[in-house]
Amino acid sequence: RQMCIRDRFLRRLVQEASSPQEKAAVLWHGLRRVMINLIEIPFRFRLAEEVFEARKNGYLSVEYINKLTRKCWSDCYGDTVEGVDQYMWARKPHFYNVYNADSPHHDFQYTVGFLSANMMLKKLEEVEKTEIPRIGKSVLLDNATLPYEEIFTKNFEADIESEEFWTNAIEEALHPCLLYTSDAADE
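So our numbering is basically just the index in the sequence shown, starting at one, shifted up by 50.
Just so you know, the hints here were simulated from the structure itself, not pulled from any lab data. Quick caveat: nothing in here was measured; it's all calculated off a predicted structure. Treat the hints with care, as some may be off.
Pairs of lysine-lysine residues, derived as DSSO-like cross-links and limited to a Cα-Cα distance of at most 30 Å, are as follows [said to hold, decoys possible]:
#, residue 1, residue 2
1, LYS73, LYS179
2, LYS106, LYS121
3, LYS173, LYS204
4, LYS187, LYS173
5, LYS187, LYS172
6, LYS106, LYS73
7, LYS142, LYS106
8, LYS121, LYS172
9, LYS73, LYS172
10, LYS179, LYS204
11, LYS142, LYS117
12, LYS106, LYS117
13, LYS73, LYS204
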C-alpha cells in the first residue's frame with residue numbers, strides 16, 4: 051500500500067510541477083527508485099546467492115567477498131558501468147546479519163512490490179472512480195487469505211505469471227519519466 055501511495059504521489063508531483071527544474075527534481079527521485087528496484091536489487095540478489103552458496107563451505111574472507119562482488123557486478127552490468135563498489139556488501143546488513151540462511155534474499159520483494167504497485171495504479175486508473183474503494187477493500191481483505199497471484203487475477207484480471215505483465219510493469223514504472231520526456235519535447 052505504501053508503494054502505491056508513494057508512486058501516486060510522484061505522478062501527481064510530476065503533473066503539477068510548475069517549472070522544468072521542479073519536474074527534473076521530482077523525476078530524479080523517481081529515477082533513483084527505478085534504478086534501485088530494477089538495477090541495484092537484482093545485482094544484490096545475485097550477489098546474495100553467490101555469497102550464501104559459498105558460505106556453505108565455511109567463512110569467507112573480505113578479499114573473496116570482494117571478488118564475488120566484482121564478478122556479479124560484471125555479470126550484471128558488463129562494461130556499461132565504470133568502476134565497481136566492491137564493498138557494497140559491507141553497507142548492507144542483510145549480507146552478514148541473516149536469520150534464515152536457507153532463505154537469504156532480503157530485498158527482492160521490494161522490486162516485486164514496486165512493479166506490482168505501479169500495475170495496481172495503472173489498473174485503478176482504468177476503472178470508474180466509484181469502483182476504487184470496493185477494489186481497494188477487496189485487495190486488503192484478500193491479502194489475508196489469497197496467494198499474491200490470485201489477488202491480481204481476482205481484482206485486476208491480470209496474470210502476474212506472464213512475461214507481458216512484468217514487461218508492462220516496467221513500462222509503467224518508467225511512465226512518469228516518459229511523460230516528462232514527451233512534455234519537454236512539446237515545449
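Status of the hints after comparison with the structure:
1. Annotation: proposed proximity of LYS73 to LYS179 holds, straight-line Cα distance about 27 Å (limit 30 Å).
2. Between the alpha carbons of LYS106 and LYS121 the distance comes to roughly 19 Å, so the proposed pair stays at or under 30 Å and holds.
3. For the suggested pair LYS173 and LYS204, the alpha carbons sit about 12 Å apart, so the restraint of at most 30 Å is met.
4. Of the supplied pair hints, the one linking LYS187 and LYS173 holds, its CA atoms being roughly 15 Å apart against a limit of 30 Å.
5. Restraint check: the Cα-Cα separation between LYS187 and LYS172 comes to about 17 Å, which is no more than 30 Å; the hinted pair holds.
6. Restraint check: the Cα-Cα separation between LYS106 and LYS73 comes to about 48 Å, which exceeds 30 Å; the hinted pair is violated.
7. The hinted pair formed by LYS142 and LYS106 meets the criterion: a straight-line CA distance of about 20 Å does not exceed 30 Å.
8. Only pairs whose Cα atoms come within 30 Å are accepted, and LYS121 paired with LYS172 is rejected, the gap being roughly 37 Å.
9. Between LYS73 and LYS172, the direct Cα distance comes to roughly 21 Å. Compliance with the 30 Å bound is thereby established for this hinted pair.
10. A threshold of 30 Å between alpha carbons decides the hint, and for LYS179 with LYS204 the separation of about 18 Å falls inside it, so the pair holds.
11. A threshold of 30 Å between alpha carbons decides the hint, and for LYS142 with LYS117 the separation of about 17 Å falls inside it, so the pair holds.
12. Among the hinted pairs, LYS106 with LYS117 is consistent with the structure: their alpha-carbon atoms are about 17 Å apart, no more than 30 Å.
13. Using a Cα cut-off of 30 Å, the hinted pair LYS73 and LYS204 is violated, with the two alpha carbons roughly 36 Å apart.
Of the numbered hints given earlier, the model fails hints 6, 8, 13; all others are met.
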